[in-house]
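Sequences are here, hints too, so could you generate the full structure?
These protein sequence lines are chains E and H, in that order. Residue numbers for the first sequence follow the working numbering, so the first one is 2 and each next one is one higher. Residue numbers for the second sequence follow the working numbering, so the first one is 339 and each next one is one higher.
Don't take every hint at face value.
As the list claims (entries may be wrong) - Cross-link-like lysine-lysine pairs, in silico, DSSO-like; alpha carbons within 27 Å at most:
1. H:Lys484 x E:Lys219
2. H:Lys455 x E:Lys81
3. H:Lys601 x E:Lys219
4. E:Lys219 x E:Lys251
5. H:Lys492 x H:Lys455
6. H:Lys492 x E:Lys81
7. E:Lys73 x E:Lys116
8. E:Lys73 x H:Lys630
9. H:Lys484 x E:Lys116
10. H:Lys484 x E:Lys81
11. E:Lys73 x H:Lys492
12. H:Lys455 x E:Lys219
13. H:Lys601 x H:Lys492
14. H:Lys455 x H:Lys404
Simulated from the structure, these hints should not be mistaken for lab results.
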Amino acid sequence: MKIAIASGKGGTGKTTVCASLVHVWPRSVMAVDLDVEEPNLHLFLHPIMESTEEVAIDIPIVDESRCDFCRKCAEICRFKAITVFGDIVLTYPEMCHGCGGCMAICPQKAISAGKRPLGEILHGKAGKADFWMGRLRVGEAMSPPLMRLVKQRIGQATRSGSMAGSADGPAVDPPDILPDILIDAPPGVSCPAMNAVMDADVIVLVTEPTPFGLYDLKLAHEAFERLHVPMGVVINRSDIGTSDTRTYCKETGLDIWAEIPFERGIAEAYATGKIVAETDPKHFDRFRELSETLMDICMSRNRRQEGNHA
Amino acid sequence: MHEIIVISGKGGTGKTSLTAAFAHMASPVLICDLDVDAPDLHLLLQPENTETHGFTGGHSALIDPKTCTGCGTCREMCRYDAVSENNGTYCIEPLRCEGCGVCVTFCPAEAIAFPEKECGRWFSSETRFGPMMHAQLYAAEENSGKLVALLRTKARQKAEALGMELILSDGPPGIGCPVISSLSGVSYAVLVTEPTPSGRHDLERVASLARHFQVPAGVIINKSDLNENECSVIEDFCRQQELDVIGRLPFDPVITHAMVHGKAVTEWDSGVFSARIRELWNRICEVAACRKNMDHTTINN
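Printed below as a string of structure tokens:
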């Protein structure tokens, strides 16, 4: 089962919740940081890294000796990454989305694949948990291609292939064989956030009960609703702000799966890179309870789906 | 004309609350919310929209099942796994479609349409602190960088038309496409961080992005009383990296109170906290002006 920890607003506590869930998770678990622009999960889980892989996106390299300047490459490119002026071909590698269109269409086979580095994929162990993270190269604009590669590697690692974005519908993981996957997603609701949550079986929306938190929660709820997977809310710093977030959840039928009060101790644990669930048995129990809620929801969803497939 | 942008790398460090307070200090000023994905500044400034425009940022492929011959070329060619097949019927998942049009071009049956799609809306508005440009990208859409670039162009045009000297922008979190689009070519970047491992880690990355684009930058440590040691580490980092140390701001629940009442914190509180923010703003104006002069000297030499 795959559980994505997401939020519209940044800084509401996604990583805090994800790190604590990994810590208390009662079964075999894999922790995945898909916030590739600003990955933070490793700062709390302190994984021992075993491998680092530099990854790249395919960009066009033009062999001008073969080019007859027919302009077909410039016409197919939607991203202004390749243009032809008379008998000069100019490429703008940083604009390229790696669709491969120019290489496929060139009648002279004059375009081959070069590489633009996207960043790196790190793999290691955080205690018993398998740990994966993507880290975008500073200056690289596009995070979804790196996120797709991280998901591919996880798919390969679990041999389920389901994280690689298979189009055969959501995978039903055989229980007790594959690890459960906890995903720390990037903030927001645009393409990077959607990319992180789109294969999940359950989405946890972490929010805080403030006007900013609520506004962005509504955006996330609306955006992710179309994925038709169970979604619920964790209200962090639950005793600040107003009651509007609870009212919204009630009115829209969005379940509140946990509330974490604002405590100086939690803030300080976070500020020193500690896992909150580790600092106090009462926090451990709170996150253990949340993990059980999430597993129940996943399992009943998978049972329903097996029923549908049968 | 000067453009000052408030960014942070990490979300939730206080960008928007500080931008609203700075807009209050700098009023009248042209305000811009460049977080087009999850914008919040309007919740404090209550802009009155005077203009609303659609933003078309790309295309999306659409297979006509009647014309499709089921050859599977689209699925083979798509690098984004956006084409799914079910009993010989091919279908494009809009959420995965990158809008590259490769399938459209290569479909032998010409069965794939490629309509333009509206990805969001942008607004020109009035607020009590000055005119405001802002936008909302529709859920799950891409091209936020393009929308950010469009907003900045419109903001500059408006500032010019009104003879305004300063554009103050609230930036998006992260270091990816919308941040790059927000940051390139601005006069000064204010980096808001917090003294936590995440805050520092994300500051380091966003600071190196600012350096990459040669944008002078300074740092505010918000919630500074959370971890004294981490504050010192961050300030040392700033000095090594030639980032201005603008100052510290202790944690204060008054930020949340002001937010709940839809006010800039400096409107809501007239005490020590607001005085501290005024000092930070004055310091930003000083260091931004100083950086600018230095650049001039460098250029003249």
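Structure-based check of each hint:
1. H:Lys484 x E:Lys219: holds (24 Å)
2. H:Lys455 x E:Lys81: The hint holds at about 18 Å.
3. H:Lys601 x E:Lys219: This hinted pair holds, its Cα atoms lying about 21 Å apart.
4. E:Lys219 x E:Lys251: With Cα atoms ~13 Å apart, lysine 219 (chain E) and lysine 251 (chain E) stay inside 27 Å; holds.
5. H:Lys492 x H:Lys455: Holds: lysine 492 (chain H) and lysine 455 (chain H) sit about 21 Å apart, inside 27 Å.
6. H:Lys492 x E:Lys81: holds (22 Å)
7. E:Lys73 x E:Lys116: Holds, at roughly 21 Å.
8. E:Lys73 x H:Lys630: violated (45 Å)
9. H:Lys484 x E:Lys116: holds (24 Å)
10. H:Lys484 x E:Lys81: holds (13 Å)
11. E:Lys73 x H:Lys492: violated (33 Å)
12. H:Lys455 x E:Lys219: Since the Cα atoms of lysine 455 (chain H) and lysine 219 (chain E) sit roughly 23 Å apart, the hinted pair holds (cutoff 27 Å).
13. H:Lys601 x H:Lys492: holds (26 Å)
14. H:Lys455 x H:Lys404: Cα-Cα ~22 Å, so holds.
Violation of the numbered hints given earlier is confined to hints 8, 11; the remaining hints are satisfied by the structure.
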